Every structure is written in C-alpha cells, then in structure tokens.
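S.K.: First to last, the sequence lines map onto chains P and Z. Letter 107 of the first sequence, counting from 1, is numbered 107 in our numbering, and no numbers are missing. To convert, count from 1 in the second sequence and add 278; that's our numbering.
These aren't lab readings, by the way, just hints derived from the structure by calculation. Be careful, since some hints might not be right.
[Claimed, not checked] Facing chain Z, according to a computed beta carbon distance under 10 Å, are these residues of chain P, among others:
id	residue
1	PHE27
2	LYS30
3	PRO179
4	GLU181
5	ALA206
6	TRP230
Keep in mind the model is a prediction, meaning the values are calculated, not measured. Note that beta-carbon positions come from the ideal geometry of N, C-alpha and C, so glycine has one too.
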Amino acid sequence: MLNSYILSYTTFIYGLAMVCYMSGLIFKSKIASKAGTVITIIAAVCNLLGIIIRWAESYKLGFGHIPLSNLYESLVFFAFAVSVVYLVFEARFSTRAFGAATTLFAFLALAYASLKPGAGQEIQPLIPALKSNWLTAHVITCFLGYSAFAIAFGISVIYLLTAGKDDRASVHNKGIIPPPETLDEIIYQTVVFGFFFLSIGIITGAVWANTAWGRYWGWDPKETWSLITWFIYATLLHARLMRGWQHKRIAWFAIIGFGAVLFTYFGVNLLPGLHSYQ
Amino acid sequence: MPDKNRNNKGWLSGLRDIFASVKLTVALLLALAAVAIIGTLIPQNQPHIFYITKYKETAARLIFLLQMDNMYHSPWFRALVTMLAANILVCSITRLKTVFKIVFLKKPSFSVKNFERNTVETFPTEKTPEDLQKGCNDLLLKKFHTTQLEQADKGFRVFAERGRITRLGVYLVHFAVLLLLCGTLISSISGFEGYVQIPEGQAVNSVQLRDSDKTMPLGFAIRCDDFEVSFYKSGRPKEYRSTLSIIEDGKVKLTKDIVVNRPLRYKGFNIFQSSYGTSVKDVDMVFTSKKSGLSYHRKMHIGDTIQIPENLGSFKLTDFVESYRFMGQHNIGPSLVGIIARDKEKPQMVVLPIQFPSFDKMRRGKVTIAAEHFSKAMYTGLQVTKDPGVPVVYASFILIILGIYIAFFTSHQKFCVMAVRIDGRTTTVTVSATANKNRPAARKTAQQLAKKIKRL
Ligand code: HEM
Numbered sequence: 001m002l003n004s005y006i007l008s009y010t011t012f013i014y015g016l017a018m019v020c021y022m023s024g025l026i027f028k029s030k031i032a033s034k035a036g037t038v039i040t041i042i043a044a045v046c047n048l049l050g051i052i053i054r055w056a057e058s059y060k061l062g063f064g065h066i067p068l069s070n071l072y073e074s075l076v077f078f079a080f081a082v083s084v085v086y087l088v089f090e091a092r093f094s095t096r097a098f099g100a101a102t103t104l105f106a107f108l109a110l111a112y113a114s115l116k117p118g119a120g121q122e123i124q125p126l127i128p129a130l131k132s133n134w135l136t137a138h139v140i141t142c143f144l145g146y147s148a149f150a151i152a153f154g155i156s157v158i159y160l161l162t163a164g165k166d167d168r169a170s171v172h173n174k175g176i177i178p179p180p181e182t183l184d185e186i187i188y189q190t191v192v193f194g195f196f197f198l199s200i201g202i203i204t205g206a207v208w209a210n211t212a213w214g215r216y217w218g219w220d221p222k223e224t225w226s227l228i229t230w231f232i233y234a235t236l237l238h239a240r241l242m243r244g245w246q247h248k249r250i251a252w253f254a255i256i257g258f259g260a261v262l263f264t265y266f267g268v269n270l271l272p273g274l275h276s277y278q
Numbered sequence: 279m280p281d282k283n284r285n286n287k288g289w290l291s292g293l294r295d296i297f298a299s300v301k302l303t304v305a306l307l308l309a310l311a312a313v314a315i316i317g318t319l320i321p322q323n324q325p326h327i328f329y330i331t332k333y334k335e336t337a338a339r340l341i342f343l344l345q346m347d348n349m350y351h352s353p354w355f356r357a358l359v360t361m362l363a364a365n366i367l368v369c370s371i372t373r374l375k376t377v378f379k380i381v382f383l384k385k386p387s388f389s390v391k392n393f394e395r396n397t398v399e400t401f402p403t404e405k406t407p408e409d410l411q412k413g414c415n416d417l418l419l420k421k422f423h424t425t426q427l428e429q430a431d432k433g434f435r436v437f438a439e440r441g442r443i444t445r446l447g448v449y450l451v452h453f454a455v456l457l458l459l460c461g462t463l464i465s466s467i468s469g470f471e472g473y474v475q476i477p478e479g480q481a482v483n484s485v486q487l488r489d490s491d492k493t494m495p496l497g498f499a500i501r502c503d504d505f506e507v508s509f510y511k512s513g514r515p516k517e518y519r520s521t522l523s524i525i526e527d528g529k530v531k532l533t534k535d536i537v538v539n540r541p542l543r544y545k546g547f548n549i550f551q552s553s554y555g556t557s558v559k560d561v562d563m564v565f566t567s568k569k570s571g572l573s574y575h576r577k578m579h580i581g582d583t584i585q586i587p588e589n590l591g592s593f594k595l596t597d598f599v600e601s602y603r604f605m606g607q608h609n610i611g612p613s614l615v616g617i618i619a620r621d622k623e624k625p626q627m628v629v630l631p632i633q634f635p636s637f638d639k640m641r642r643g644k645v646t647i648a649a650e651h652f653s654k655a656m657y658t659g660l661q662v663t664k665d666p667g668v669p670v671v672y673a674s675f676i677l678i679i680l681g682i683y684i685a686f687f688t689s690h691q692k693f694c695v696m697a698v699r700i701d702g703r704t705t706t707v708t709v710s711a712t713a714n715k716n717r718p719a720a721r722k723t724a725q726q727l728a729k730k731i732k733r734l
C-alpha cells in the first residue's frame with residue numbers, strides 16, 4: 001500500500017539526514033549540519049504524510065482507525081515524534097550537535113518497523129479492547145515522552161564522549177558541540193519534557209484500563225515497567241534539583257532511564273501480559 | 279542534665295531530618311524501582327506448586343518467605359510506600375513554611391541588586407524619564423498585577439512580578455501523590471473485583487471474587503438477555519456485545535448493551551465485558567446402576583446436585599470444559615465434569631466426554647454416568663467491580679498533571695524597568711528580568727516589554 005512505500009522512503013531520508021549531521025560533526029561543517037536540519041524536516045513531513053495516508057487507507061479498508069495500534073504503527077509514530085521533538089529542541093538551543101543521534105533513532109525505528117516480521121505492516125482492524133480514545137491519548141503521550149528520553153540519551157552519550165576531555169581546541173570551541181553546561185541543560189530540559197508526557201501517558205493508560213477492565217492499575221509487566229521508568233526519571237530530577245547532581249552523573253542516569261524505556265517498550269514483550277503487541 | 283535533653287531532642291529532630299531529606303527520596307524511589315523489577319521477573323500470584331516446580335527449593339522458600347509471589351501486596355513493599363509517603367509529607371511541610379512566607383507576602387520586596395546582572399536590553403532614548411514614567415508604569419500595570427514604582431537618582435524604576443503562586447507547584451505534585459496513595463488505599467480496602475459467567479437467558483445475583491474463592495452477593499441480579507460476537511473477515515474478533523438487564527426487587531431496572539470499553543454502571547458497580555464462551559444450558563444425565571442394571575434419567579444444570587437412586591450417593595455437576603485434556607494430555611473434546619460422593623467414601627471427580635458416552639465405564643464404579651441430549655448456550659464473561667477509590671485517584675491524576683506542569687513550565691518572574699537621564703540629552707532605559715527557573719521565558723517577556731517602551 002501507498003503508506004508503506006512512503007514510509008520506507010522516509011527511512012532513507014532519515015538516513016540521509018543522519019549522514020549530513022554526521023559529516024557536520026566530523027568535518028566541522030555548518031553547511032552539512034544545516035542540510036541535516038532541512039532533510040530532517042522533509043523526512044518528518046513525509047513521515048506524517050505516511051501516517052495520514054495510512055489512516056485514510058484504513059478507512060478505505062472499512063475499519064478505519066488512527067494508526068497507533070500495533071508495533072509497526074507505534075514505531076512509525078515514534079520516528080515522527082522523535083524528529084519533531086528534536087527539531088523543537090534544536091531551534092530552542094540553536095545547536096545541531098545531537099541531530100545525528102536523533103535521526104539515527106528515527107532511521108532505526110522505521111527500519112526495524114519494516115524489517116521485523118510480524119510487526120504489523122499490513123493494516124489490521126482493531127480488536128475490541130483497543131477501541132478507545134484513551135488509547136490514542138495514551139500512545140501519543142507515551143511516545144512523546146519516549147522521544148524526549150531518546151534525545152536525552154543521545155545527548156548524554158555525546159556528553160560523556162566529549163566532556164572531560166580538557167582539550168580547549170576541541171569540538172566545543174569550534175561551536176560544533178555546545179559547552180558541557182549547555183549539554184547538561186539540554187539533558188535536563190528534555191528529561192523534564194519527557195517526564196511530563198510520561199506522567200500523562202501513564203495516567204491516560206490507567207484511565208483506559210479502568211474503562212476497559214475495571215481497574216486502573218493491575219501490576220501488569222508493562223504498567224510496572226513504565227512506573228519503574230517514571231521512578232528512575234523522578235529520581236534523576238530530584239537528585240539534580242535538590243542535591244545538585246549534574247554533568248556525568250545525570251548523563252549516566254539519563255542513559256539508565258532510557259534503558260528502562262527500551263525495556264518497557266520491547267523487553268516487556270518477553271514477559272507475559274496484556275500489552276505485548278503480537 | 280543538658281546532655282540528655284539534647285539527646286532527646288536530637289532523636290526526634292534526627293528522625294525528622296531523615297524524613298525531610300531528598301537523599302531518602304532517592305533511595306526509596308530506587309528501592310521501589312528495584313522491587314518492582316523483581317515483581318516483573320517472578321510471575322505473580324501463581325499457586326504455590328508453580329514456584330516449587332519452577333525454582334530450586336531454597337529459591338522457592340525464599341520467594342514464599344519474602345512474599346515475592348505477591349510482591350506488590352507484601353508488607354515490606356507497603357512499608358516502602360508508607361515511608362515514601364512520610365518522606366513526601368515531612369519534606370513538603372518542612373519546606374512549605376518558608377515557601378508560604380514568599381508566596382503570601384503582603385508587599386513583595388524587590389531588590390535592585392538582583393536585577394543588576396540580569397539586564398536583557400538597554401537602549402537610549404531622547405524622552406525624559408518624566409515623559410516615560412507614566413507610560414512605563416501603565417504598561418506594567420496592564421500586564422502584571424503586582425508592580426512597584428520607585429524614584430531613583432535622576433530617574434525612576436518600576437518593578438513588576440508574576441507567578442509567585444507557581445512556587446507551590448511542586449507541593450501540588452507532592453500533595454497529589456499523597457492523594458493518589460490515599461485513593462489506592464481506599465481501593466484496596468473497600469473495592470473489589472469479581473468475575474461471573476452468565477449463560478444467555480439466565481441471571482446471577484453474586485459474583486466470584488478474584489484471587490479468592492469467596493463469592494460476593496450484589497444485592498441485585500444481572501441477566502444476560504443476549505450475547506453476540508462478531509468477527510472481521512480475517513477471523514479477528516470485532517466486537518463482543520452483551521445485552522444486560524439489572525433486576526432489583528423483582529423489577530427490571532435497566533437494560534443496556536455493553537461492549538469492551540463501554541461498561542454498564544449501576545449503584546457504584548461497574549460491569550465490564552471481559553470474555554465469552556459456550557457452556558451447557560441443560561443436560562440429560564443417565565445414571566446406570568451396576569448392581570441392578572437399571573438406568574435413571576435426570577435433567578441437570580451446571581451447579582446442580584442430585585441424589586442418585588439405589589442409595590448410590592450424590593452427584594454434583596460442576597463444570598463444562600470446551601476441550602478437556604484427560605490426564606493432562608489427550609484432548610477428549612467437550613466434556614462435563616462432576617463430583618460423585620457417597621458417605622464415608624472419598625469424593626471422586628468424574629469426567630464425562632460428550633463424544634464418548636461409555637467413557638465412565640472405565641472408572642469401574644458402582645454407577646456409570648453418561649451425558650445424553652445436551653443443549654449448549656453462549657455465556658458472557660463479565661468483570662464486576664466496585665471501587666470507591668476511583669474518584670480520589672482520578673482527582674489526584676488531574677492534580678499531578680497540573681502540578682508537574684506548574685512546577686516545570688511556569689516560574690516566578692520579576693522584571694525591572696529603569697530609566698535614568700545620564701547627561702542632559704539622552705535617557706538610558708534598562709529592562710531586566712529574573713526568574714526562579716526557566717530564565718529564557720522571562721527574558722523573552724522582557725524583550726517584548728522593551729519593544730513596547732521604545733514605541734511609547
Ligand atoms: C513519587 C513521588 C514524587 C514525585 C512525583 C515528585 C515530584 C516532584 C516534582 C515534579 C518536583 C518539581 C521540581 C521542580 O521544582 O522543578 C519535585 C521537587 C521536589 N521534591 Fe519531589 N516528588 C516526589 C517525592 C518527593 C519526596 C518523597 C520528597 C521528600 C524529600 C521530595 C522532595 C522534593 C523537593 C525538596 C523538591 C524541590 C522543591 C523546591 O524546588 O523547593 N519529593 N518533586
């Protein structure tokens with residue numbers, strides 16, 4: 001179907017954006033980085049187009065629903081969300097240093113979505129439990145949160161790779177990678193953004209569970225893991241706000257937090273529960 | 279004895295200090311995360327035999343000892359949550375005292391010093407401070423409700439502030455988390471979760487409680503008038519729909535269709551579509567006595583108990599199983615299951631596969647039982663819950679979101695516009711801004727202010 005074509009081309013556009021951002025970092029070229037931004041915008045637009053067309057096509061098949069119902073569709077939405085959230089932060093902090101990491105995420109998400117057998121590339125009708133507006137709110141907010149955490153993870157890796165190298169002629173000075181203080185601030189702000197949306201995501205999920213099964217919390221592994229993730233980021237925020245933790249420790253925390261996000265998303269499917277997308 | 283006194287005081291305030299510390303918060307949150315992880319790795323709420331077969335003996339014993347098979351209800355999980363609650367409470371109260379002083383101040387104080395290093399824009403203008411003063415003051419008055427005008431050397435300063443109340447956002451989050459914990463406490467004390475299967479056309483007035491073998495009377499009856507399941511072409515289920523009637527005091531109070539995600543609510547009870555299947559409506563049972571060779575026919579429903587003639591004992595029809603695995607292996611198809619009991623003898627389970635009427639002969643009992651004519655009916659599986667904690671929990675949800683928004687995305691901002699005549703001809707206008715967090719937002723507002731002042 002048309003949406004799958006568009007989305008597989010989008011994968012390569014993200015790949016191209018990543019190459020541009022990478023070249024910008026390696027060759028310290030601002031033009032390449034700027035090209036990265038333009039291409040990321042194009043990719044995000046195509047990504048959105050793919051989602052909208054998929055939505056329309058599901059109506060043509062006679063069981064229309066917003067494409068957020070299986071692994072494939074959620075990965076496609078993740079790619080879109082991560083690039084949009086990234087573009088917002090790029091504009092806000094006027095730095096393209098973490099573009100390569102972000103477009104890599106979008107690229108991997110789309111590539112995995114198309115290549116993993118059984119991810120649900122063909123449009124499927126909704127099973128009864130998924131017919132709920134709360135589900136839409138739940139998935140969108142969770143993925144906005146995950147996107148921000150993915151970006152925080154990317155910056156943390158860059159931070160750990162570059163900070164501490166006291167080479168004053170290093171990347172920081174050329175204005176390619178912002179100084180550690182700025183990176184630290186971006187990590188903090190992306191985590192805050194993610195924490196806000198993860199909180200709404202968990203809450204809308206609880207409300208949905210209450211309308212579908214009559215209980216707002218059931219300690220299902222996916223629920224539990226999202227709570228674990230929430231605890232980890234809550235710890236990070238408190239440690240930073242109150243104990244003044246910064247820099248390396250926060251970066252490591254953001255990396256561990258993202259590990260929990262990944263496990264919530266993929267690892268939990270290894271455990272039995274209601275959420276595992278088949 | 280001053281020493282002892284200090285000790286006494288030290289003990290109490292020491293405890294308070296511990297519970298007011300964010301170090302404890304960090305430790306507790308991480309401990310809860312760790313415990314929750316264990317809870318997802320070890321399957322929860324399985325029968326004891328499950329753990330004994332799955333794990334080594336010592337591991338299984340440890341699991342039972344620490345209640346890791348029911349982790350989230352274990353005393354020590356509850357202790358961690360209680361400590362977190364105490365931590366939030368003590369910490370918030372301790373800090374609120376100082377925060378209240380800032381937030382509920384009658385007359386805010388502005389200090390010029392704070393603004394000195396936070397200049398956003400400076401520009402010269404030909405207007406005199408006297409010309410500007412009213413304009414600037416009005417401009418700030420329109421935008422902020424707290425302003426303060428002050429004469430300075432050769433000019434004036436106007437201060438303004440907003441968002442003082444947002445300093446309470448954090449405490450709103452903390453209060454909401456406590457409210458959430460209260461809500462879950464109410465849920466666990468006075469809520470229940472039950473399950474019931476109702477064949478089409480029949481009614482029930484009690485439900486089976488989850489995680490226990492007790493039944494719970496409802497005080498009214500639920501009748502299933504109709505059940506339908508529809509499928510997509512691919513064979514995936516499309517919709518489960520039950521038409522239910524609530525019957526109280528012999529009268530039908532209400533009739534409603536329910537589907538997944540659209541439950542029926544009645545008197546605080548929520549009735550959810552949960553599953554469906556087929557069961558038997560009624561069966562003709564045949565009991566053949568070995569001694570006399572006589573056969574007796576009886577019509578039975580699931581759950582019925584009858585006395586078998588010739589004093590052969592009682593028989594209870596307990597279950598219908600869609601596909602029964604005999605000895606855990608061979609699928610012998612749809613079967614009825616019952617229990618036969620005679621005084622003094624051990625009650626015995628009897629399996630009666632519909633497709634093999636003489637199956638029960640194998641048992642070599644004094645009576646052979648078989649199921650003849652048998653009519654099937656769809657049943658609807660309903661989850662029935664009552665949870666007075668839900669309104670409290672939902673309220674806490676709203677407050678948590680609101681509180682996090684206020685705590686992270688709003689701030690207490692202060693502005694200062696200063697105009698001084700330096701020499702005879704030009705006035706220098708300085709616009710500065712400070713904020714307790716998110717400075718860039720405050721600076722943006724200051725830039726807009728500067729733009730407007732230029733246009734005065
Ligand atoms: C799971 C429970 C908790 C949640 C969700 C939570 C959430 C928050 C949030 C959102 C903030 C806002 C940070 C900011 O100022 O921007 C915050 C700050 C804070 N939290 Fe918590 N918190 C929790 C538990 C605790 C506990 C148990 C303590 C007790 C020590 C605590 C102490 C603090 C303090 C002292 C601040 C900073 C307040 C200030 O800025 O004056 N938190 N918390």
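S.K.: State for each hint whether it applies.
M.R.: So, going through the hints one by one against the coordinates:
1. PHE27: Hint on P:PHE27: violated, closest Cβ of chain Z at ~31 Å, above 10 Å.
2. LYS30: 23 Å, violated
3. PRO179: 16 Å, violated
4. GLU181: Where the cut-off is 10 Å and the nearest Cβ of chain Z is about 13 Å from P:GLU181, the hint is violated.
5. ALA206: 7 Å, holds
6. TRP230: Because about 9 Å separates P:TRP230 from the closest Cβ in chain Z, which is inside the 10 Å limit, the hint holds.
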